[in-house]
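Engineer: First residue of the sequence shown: 1, per UniProt numbering; consecutive thereafter.
These are computed hints drawn from the structure, not numbers from a lab. Just so you know, even glycine gets a beta-carbon here, dropped at the ideal spot from N, CA and C. Treat the hints with care, as some may be off.
Claimed, not checked - Ranges of calculated distance between the beta carbons of each label pair, as one might list FRET restraints:
#1 Phe6 <-> Arg54: 47 to 57 Å
#2 Leu10 <-> Ala43: 27 to 37 Å
#3 Ser57 <-> Leu25: 50 to 60 Å
#4 Leu55 <-> Thr15: 36 to 46 Å
#5 Ile14 <-> Ala43: 31 to 41 Å
#6 Ser5 <-> Ser57: 33 to 43 Å
#7 Arg54 <-> Gly17: 11 to 21 Å
#8 Glu53 <-> Ser20: 14 to 24 Å
#9 Pro8 <-> Ala42: 14 to 24 Å
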Amino acid sequence: MISSSFFPPLTIIITYGLKSWLECLCRAILIEGPRQIPEFIAAYCDELLEFRERLTSHDIQSIV
Numbered sequence: 001m002i003s004s005s006f007f008p009p010l011t012i013i014i015t016y017g018l019k020s021w022l023e024c025l026c027r028a029i030l031i032e033g034p035r036q037i038p039e040f041i042a043a044y045c046d047e048l049l050e051f052r053e054r055l056t057s058h059d060i061q062s063i064v
């Protein structure tokens, strides 16, 4: 008899861009060691958006 409290492992599918962004963000946090992580993430995203706007002709996958 199967227990009613058994839950199978959860599988989450993450798109390439999100997975790559999370890996880069975590690496940056570990390298920089910021005291205020939410503020660091906001600044990181702002810089990433500015970088993307400057290089509109390049494929983001080739840059990352």
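Engineer: It remains to establish, for every hint, whether it holds in the given structure.
Structural biologist: Each hint tested on the structure:
no.: 1; hint: Phe6 <-> Arg54: 47 to 57 Å; in the structure: holds, 51 Å
no.: 2; hint: Leu10 <-> Ala43: 27 to 37 Å; in the structure: holds, 32 Å
no.: 3; hint: Ser57 <-> Leu25: 50 to 60 Å; in the structure: violated, 24 Å
no.: 4; hint: Leu55 <-> Thr15: 36 to 46 Å; in the structure: violated, 21 Å
no.: 5; hint: Ile14 <-> Ala43: 31 to 41 Å; in the structure: violated, 23 Å
no.: 6; hint: Ser5 <-> Ser57: 33 to 43 Å; in the structure: violated, 54 Å
no.: 7; hint: Arg54 <-> Gly17: 11 to 21 Å; in the structure: holds, 18 Å
no.: 8; hint: Glu53 <-> Ser20: 14 to 24 Å; in the structure: holds, 18 Å
no.: 9; hint: Pro8 <-> Ala42: 14 to 24 Å; in the structure: violated, 36 Å
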